[in-house]
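Trainee: Next come the chains, spelled out residue by residue.
Protein chains: 2
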Amino acid sequence: MRYELYYWPAIQGRGEFVRLALEEAGADYVDVARLPEGEGGGVPALLRLLDDSALALPPYAPPVLKADGTLIAQTANILLFLGPRLALAPPDETGRIWAHQLQLTVTDLVKEVHDTHHPIASGLYYEEQKAEAKRYTADFMARRLPKYLGYFERVLERNPAGPLHMVGSAASYVDTSMFQVIAGLRYAFPLVMKRLEAAHPRLVALHDSVAARPRIAAYLASPRRIAFNEQGIFRHYPELDA
Amino acid sequence: MRYELYYWPAIQGRGEFVRLALEEAGADYVDVARLPEGEGGGVPALLRLLDDSALALPPYAPPVLKADGTLIAQTANILLFLGPRLALAPPDETGRIWAHQLQLTVTDLVKEVHDTHHPIASGLYYEEQKAEAKRYTADFMARRLPKYLGYFERVLERNPAGPLHMVGSAASYVDTSMFQVIAGLRYAFPLVMKRLEAAHPRLVALHDSVAARPRIAAYLASPRRIAFNEQGIFRHYPELDA
Numbered sequence: 746m747r748y749e750l751y752y753w754p755a756i757q758g759r760g761e762f763v764r765l766a767l768e769e770a771g772a773d774y775v776d777v778a779r780l781p782e783g784e785g786g787g788v789p790a791l792l793r794l795l796d797d798s799a800l801a802l803p804p805y806a807p808p809v810l811k812a813d814g815t816l817i818a819q820t821a822n823i824l825l826f827l828g829p830r831l832a833l834a835p836p837d838e839t840g841r842i843w844a845h846q847l848q849l850t851v852t853d854l855v856k857e858v859h860d861t862h863h864p865i866a867s868g869l870y871y872e873e874q875k876a877e878a879k880r881y882t883a884d885f886m887a888r889r890l891p892k893y894l895g896y897f898e899r900v901l902e903r904n905p906a907g908p909l910h911m912v913g914s915a916a917s918y919v920d921t922s923m924f925q926v927i928a929g930l931r932y933a934f935p936l937v938m939k940r941l942e943a944a945h946p947r948l949v950a951l952h953d954s955v956a957a958r959p960r961i962a963a964y965l966a967s968p969r970r971i972a973f974n975e976q977g978i979f980r981h982y983p984e985l986d987a
Numbered sequence: 746m747r748y749e750l751y752y753w754p755a756i757q758g759r760g761e762f763v764r765l766a767l768e769e770a771g772a773d774y775v776d777v778a779r780l781p782e783g784e785g786g787g788v789p790a791l792l793r794l795l796d797d798s799a800l801a802l803p804p805y806a807p808p809v810l811k812a813d814g815t816l817i818a819q820t821a822n823i824l825l826f827l828g829p830r831l832a833l834a835p836p837d838e839t840g841r842i843w844a845h846q847l848q849l850t851v852t853d854l855v856k857e858v859h860d861t862h863h864p865i866a867s868g869l870y871y872e873e874q875k876a877e878a879k880r881y882t883a884d885f886m887a888r889r890l891p892k893y894l895g896y897f898e899r900v901l902e903r904n905p906a907g908p909l910h911m912v913g914s915a916a917s918y919v920d921t922s923m924f925q926v927i928a929g930l931r932y933a934f935p936l937v938m939k940r941l942e943a944a945h946p947r948l949v950a951l952h953d954s955v956a957a958r959p960r961i962a963a964y965l966a967s968p969r970r971i972a973f974n975e976q977g978i979f980r981h982y983p984e985l986d987a
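Here the protein sequences line up with chains E and X, keeping their order.
In case it helps, our numbering puts the first sequence at residues 746 to 987.
In case it helps, our numbering puts the second sequence at residues 746 to 987.
Keep in mind that the hints were calculated from the coordinates and are not lab data.
Take the hints with a grain of salt, since some may be wrong.
Which copy? The list can't say, so a pair holds if one copy fits it or any two copies do.
Stated by the list, open to error - Cross-link-like lysine-lysine pairs, in silico, DSSO-like; alpha carbons within 30 Å at most: (1) 892 with 811; (2) 892 with 875; (3) 875 with 811; (4) 879 with 811; (5) 939 with 875; (6) 856 with 879; (7) 856 with 892; (8) 811 with 939; (9) 856 with 875.
Input sequences plus hints: build the corresponding full structure.
Mentor: What follows is the structure, encoded as structure tokens:
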């Protein structure tokens with residue numbers, strides 16, 4: 746079966762967590778809005794889906810996955826659905842709930858990262874909320890980010906199967922998500938991360954091992970991987986990296 | 746089986762979405778931190794759980810549900826787990842995914858409501874971020890809240906089984922969650938809600954029908970229902986209600 750992913754075509758954003766899972770599994774998928782408009786792609790294809798008044802179960806926002814005619818939205822929900830199908834989640838319920846719980850905590854962190862540059866309104870430009878962004882980010886760096894990273898490091902440290910994976914003894918979508926978090930934080934806040942990484946060796950090792958997995962390495966080297974930029978979640982504004 | 750809920754004992758907060766589902770189902774549960782400290786309750790009981798270094802799968806934050814020795818955190822994840830067990834979710838996978846998707850969108854809205862009074866830092870007092878709160882809330886009222894409420898109204902309107910429930914033709918935890926959202930918004934922003942409600946008749950009717958369900962009505966009239974207050978998610982600051 747071919748999965749269809751609907752997400753903004755010019756950013757990694759929240760869709761990247763889905764892309765990484767699909768890529769790690771070698772799944773057959775099409776990133777619809779990255780197709781040319783002439784082939785039914787582009788932003789118009791995404792907007793047609795979001796504005797489709799015939800949908801009985803309408804999504805609120807992208808990413809949206811189409812699988813066997815069913816539409817699934819909310820990043821963590823998509824990964825919950827894909828996990829067993831892509832063999833990227835534990836087979837038992839307890840393990841699946843745990844993986845999902847961690848992914849929802851990633852979701853929370855990602856929202857807070859977004860708010861470092863958009864603390865007042867997602868509909869305004871960064872430049873219109875720069876003063877508030879500086880104040881927000883100072884607290885984020887001092888309290889929130891260390892708390893999240895300390896937590897995820899602790900999850901690796903306490904994993905009864907060892908610190909190589911977030912969940913159990915095998916790769917899961919939580920591993921690819923943590924890779925993305927570390928990669929994004931390094932892009933956005935290189936100075937801060939240089940300081941924080943020493944205290945989180947297991948997270949850094951996980952990032953490196955995911956990056957080296959053959960399918961992920963091939964993906965990262967391909968044109969399918971959109972570069973980080975200042976329209977996505979992880980943005981590099983040097984004035985915030987302190 | 747007796748469920749144990751671990752959550753802050755003096756606020757509704759995120760835990761209230763779990764309490765409402767347990768109450769609607771007439772489930773056997775104990776709200777641990779609301780027990781007296783002498784009976785193993787109070788905030789110390791909650792902190793003991795959160796700080797327990799022996800936990801292999803540690804939660805990041807409350808609410809946490811203990812069920813059959815398993816700990817589950819993240820509000821929407823707890824409801825995903827409880828849904829089929831409490832007969833408050835559809836029996837089929839598509840329906841369960843849809844219910845969870847809606848609950849995750851409630852989660853997003855709840856975070857944005859929280860940020861109306863804490864846009865800069867959850868660790869600072871409201872009074873320390875009042876100017877930013879006013880600016881944030883102005884955008885929230887103008888753009889975000891109408892978008893969320895319009896979406897949820899549309900979900901009711903398009904429900905193939907009719908507009909009485911968020912999901913299918915039976916009560917689910919999404920109904921009790923929407924009740925809580927409307928009740929909380931009315932408490933926090935009575936003037937704004939008075940203006941918005943006319944355009945969302947199905948949501949108002951859903952709120953009323955959930956409030957009238959026998960177990961919910963009994964719960965709301967009991968001392969188990971904590972009153973809204975200015976320590977929770979939904980806070981009434983008149984200067985923000987414009």
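Trainee: Could you run down the list of hints and mark each one as holding or not?
Mentor: So, going through the hints one by one against the coordinates:
1. In this assembly of identical chains, residue 892 and residue 811 lie within 30 Å of each other by CA distance solely across copies; the values are 23 Å between and 35 Å within a copy.
2. Taking the shortest Cα distances, residue 892 and residue 875 sit within 30 Å of each other both inside one copy (24 Å) and across copies (25 Å).
3. Taking CA atoms no more than 30 Å apart as the test, residue 875 paired with residue 811 passes in neither setting, with 37 Å inside one copy and 43 Å between copies.
4. With identical chains, the CA atoms of residue 879 and residue 811 are never at most 30 Å apart, being 39 Å at best within one copy and 39 Å at best between copies.
5. For the identical chains of this complex, residue 939 and residue 875 are intra-copy neighbours only, at 24 Å inside a copy versus 33 Å across copies, given an alpha-carbon limit of 30 Å.
6. Taking the closest pair of Cα atoms, residue 856 and residue 879 come within 30 Å of each other both inside a single copy (16 Å) and across two copies (20 Å).
7. In this assembly of identical chains, the alpha carbons of residue 856 and residue 892 lie at most 30 Å apart whether taken from the same copy (15 Å) or from different copies (18 Å).
8. Taking identical chains as interchangeable, the C-alpha atoms of residue 811 and residue 939 are never at most 30 Å apart, the minima being 39 Å within one chain and 38 Å between chains.
9. When the C-alpha separation of residue 856 and residue 875 is checked against a cutoff of 30 Å, the pair qualifies both within a copy, at 17 Å, and between copies, at 21 Å.
Of the numbered hints stated above, those contradicted by the structure are hints 3, 4, 8, listed in ascending order.
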